[in-house]
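S.K.: For the protein sequence lines, the chains are S and R, in the order given.
Going by our numbering, the final residue of the first sequence carries number 334, and the count climbs one at a time with no gaps.
Going by our numbering, the final residue of the second sequence carries number 305, and the count climbs one at a time with no gaps.
Heads up, some of the hints might be wrong.
Straight-line alpha carbon distances no greater than 25 Å define the calculated SDA-like cross-link-like pairs of lysine to any residue that follow [stated by the list, open to error]:
| no. | chain 1 | residue 1 | chain 2 | residue 2 |
| --- | --- | --- | --- | --- |
| 1 | S | Lys136 | R | Arg213 |
| 2 | S | Lys136 | R | Pro55 |
| 3 | S | Lys136 | R | Phe212 |
| 4 | S | Lys136 | R | Lys270 |
| 5 | S | Lys136 | R | Thr208 |
| 6 | R | Lys270 | R | Gly131 |
| 7 | S | Lys136 | R | Ser209 |
| 8 | S | Lys136 | S | Thr121 |
If you are wondering where the hints come from, they were derived from the structure by calculation, not from laboratory data.
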Amino acid sequence: MSAPDRTPPANAPVLAVENLQVAFRAGGREHLAVQGLDLSVSRGEVVGLVGESGSGKSVTGLALMGLIDAPGRVAGGRIVFEGRDLMGLSEAELRRLRGARMAMIFQDPMTTLNPVLRVETQIVEAITAHERVSAKAARARAREALVRVGIPAPDERLGAYPHQLSGGMRQRIAIAIALLHRPALLIADEPTTALDVTIQAQILAEAQDLCAEMGTALIWITHDLAVVSGLADRLLVMYAGRVVEAGPVAEVVEAPLHPYSAGLIGSAPSRNKRGARLAQIPGLAPPLGRRPPGCAFAPRCFNVRPDCSEPPPLVRRSGREALCRYPLSETVVA
Amino acid sequence: MTPAATLPEEPVPYRADPVWRAHARAFFRSPAAGLGLVILVAVALVAALAPWITPQDPYDLASLDVMDGTQPPGSRSFAGLTYWLGTDAQGRDMLSAIVYGLRVSLVVSLSATLIAASVGSCIGVLAANAGGRLDAVLMRLVDLQLSFPAILIALVLLAAFGRGIDKVVIALVTVQWAYYARAIRAQALVERRREYMEAARALALPRTSLIFRHLLPNCLAPVIVVATMQVAHAIALEATLSFLGVGVPVTEPSLGLLIKNGYDYLLSGKYWISTFPGLALVAVIVAINLVGDRLRDVLNPRLSA
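Given these sequences and hints, build the entire structure.
M.R.: This is the structure in structure tokens:
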């Protein structure tokens, strides 16, 4: 392995995030895209991060990788990865982690590979960025990596340009590149959204198997509850820059505490009666800088009460958390 | 068991034509551009093979005969050679002189374009990547450069350096790099926001590789278009400078210098000394512009359906 083995005790989380805040500057003012996110991921765990567009889930992923660009910045909080506080690390030290100990795959496989470079060149480059290996050894590793993600005829694919490959194939290559150095953490930002459903299922299963095999923790960012409910151990539901509900996947899906989670689950097609109109959450998520005081979801909530204009408390119930003054009980979700 | 074994065999995907072939087909849909390309290829071949195909070596003073000076087109020399395009005052065969002149013009303009494109592209891509103050300074420099007429800057530089092929090339590079810097910066600002750049950064690839291997090659389409147009500009500018007497040395006449040599005889009825090099110059520039126009259309994604 590339990085020295500095793994802390097995029970320590791979990643611990406390009160993460990410701010973007617009029109002379800073707006918080992520306002106080707590997250803990242990070795090999799969965490689903779910939310609508603009809920701050992708920004969270980029912040964990240290890839937030101006006009944005990480405005507060701590990110502890494998026992080291990322905020205290220099850019050079971060670069040693990035792509080696923590890796990321992106949404659109059509655009995440460089269109003018051959597949082989891109994989070899990712290897040599973190390891000193001979060109020959790197090429052999590149081939191996393609075999590992189940790409048929790897020798032919190595010489191909991205535009000659299908979307599923490209996303597999992106996964192969991300897993080259057996990272401790893989952040997947909606990697299957752009693919068709059958390929989606294959990619999901493969990514899951590979991560389990390598002991890689996986943060799966998506807006599709159906995808994570079959994949993740734990679920975090984000709304307007905050985690509004967190807990084991089965429990959250079966009996959501937060009305927003209930709404998301209710609007998934598979949960609705055939022929019935899909349930929807009225309104749109509030844009940055125009989030209401108190509970940000209050204007769209079916269960809203007058004192929801006050900041909601964090409710804990047997390993689950919800940011709501009036969490739902099993009886409310019919 | 590897996950590969659990997967259904994916059919070998249809392999699309290489991109260039589609572009080539689109290019030849315009007959004018095709003609331009044919002229250019012919001119390039003739210029490259000059020593073997010209009837006379215009630089070899021993083969010249002053007695053959200013002969009209079609006349024959004492040695039995036909001067199809006439001769100049030194008895040089104009056809040979034009072919050699083309050679000088093309070498000067192509090398100037190549250097200017490289220099300008690097500056543009660095500016786009650095952003902030460096970007602002470099781009104001570009604005400043482009606010002066090219001929003025080139004249001042050559007046200071003196004549010479290398000096003309330096002057042309100086007036042309800014076009490339501006074109590639605009493209790089778009490309650096693409997901493959983000993915490359997430892999912590070395910065030089990010810029020159990932960003730069993806920004080259507009440079190709600018470069074809700038070759034509460079040829015209070099001809102008030589015509004004500050360009290439007399011993290696370019088309511009040939025109200047004949200029003195133009009013005494000896039209051929200036006219034929002039026609050659026009043909080359028009051909390049036809090709360049077409390239711009073919490589512009907004125009293709």
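S.K.: Give a verdict on every hint.
M.R.: Now for the hints, and whether the structure bears them out:
1. Lys136/S - Arg213/R: Given pair lysine 136/S, arginine 213/R holds - Cα atoms ~20 Å apart, limit 25 Å.
2. Lys136/S - Pro55/R: violated (55 Å)
3. Lys136/S - Phe212/R: Satisfied, since the Cα-Cα distance of roughly 23 Å is no more than 25 Å.
4. Lys136/S - Lys270/R: violated (69 Å)
5. Lys136/S - Thr208/R: Given that 25 Å is the threshold and the Cα spacing comes to 22 Å, the pair holds.
6. Lys270/R - Gly131/R: Given that 25 Å is the threshold and the Cα spacing comes to 58 Å, the pair is violated.
7. Lys136/S - Ser209/R: Roughly 20 Å between the alpha carbons, so the hint for lysine 136/S and serine 209/R holds.
8. Lys136/S - Thr121/S: Roughly 12 Å separates the two Cα atoms, so the pair holds.
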